Amino acid sequence: MATSEAQLKASKKYISEKLDEIRFRVPKGERDKLKKHAEKMGESLNKFMYRAVNEAIERDNSK
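Here this note's numbering = 1-based position in the sequence shown + 38.
If you're looking for bench data, these hints aren't it; they were derived computationally from the structure. Incorrect hints may appear among the rest.
DEER-style ranges, computed between Cβ atoms [as the list claims (entries may be wrong)]: (1) 40 with 83: 24 to 30 Å; (2) 53 with 81: 29 to 35 Å; (3) 68 with 95: 19 to 25 Å; (4) 73 with 97: 22 to 28 Å.
Using 20 Å as the maximum straight-line C-alpha spacing, the simulated PhoX-like pairs for lysine-lysine come out as follows [what the hints assert, rightly or not]: (5) 71 with 85; (6) 73 with 56; (7) 56 with 85; (8) 85 with 74.
All of these numbers come straight from a predicted model, not from anything done at the bench. Beta carbons: idealized from backbone N, C-alpha and C, even for Gly.
With the sequences and hints as input, model every part of the structure.
Right under this line is the structure:
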C-alpha cells in the first residue's frame with residue numbers, strides 16, 4: 039500500500055513539531071551489533087538508544 043502525499047506531509051509536520059534529532063556515530067560494525075541487540079530486546083534501534091541514554095542518566099543522577 040502506497041503512502042499518500044497527505045500522509046507524508048502529516049508525518050513530516052509531526053516530526054518537525056514534536057521531535058528533535060540527534061546524530062550518533064559509532065565505529066564501523068558497531069551499528070549492526072547495536073541493532074541486533076535492540077531486535078533481541080524487541081525494540082527498534084532508536085527506542086533502544088533512547089532507553090539506554092535515559093537509564094544512564096538515571097544511574098548517574100542516583101550517585
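Going down the list of hints, with the structure as the test:
A C-beta distance of roughly 25 Å is found between residue 40 and residue 83, which places it inside the suggested range of 24 to 30 Å. Roughly 19 Å separates the CB atoms of residue 53 and residue 81, a value that falls outside the hinted 29 to 35 Å. Our hint of 19 to 25 Å for residue 68 and residue 95 holds, since their Cβ atoms are close to 21 Å apart. Between residue 73 and residue 97 the Cβ separation comes to about 23 Å, which falls inside the hinted range of 22 to 28 Å.
This hinted pair checks out: residue 71 and residue 85 have alpha carbons roughly 15 Å apart, not beyond 20 Å. A hinted pair counts as satisfied when its Cα atoms are at most 20 Å apart, and residue 73 with residue 56 does not qualify at roughly 24 Å. At most 20 Å may separate the alpha-carbon atoms for a hinted pair to count; residue 56 and residue 85 meet this at roughly 16 Å. Straight-line distance between C-alpha atoms of residue 85 and residue 74 comes to about 13 Å, which keeps the hinted pair within the 20 Å bound.
Violation of the numbered hints given earlier is confined to hints 2 and 6; the remaining hints are satisfied by the structure.
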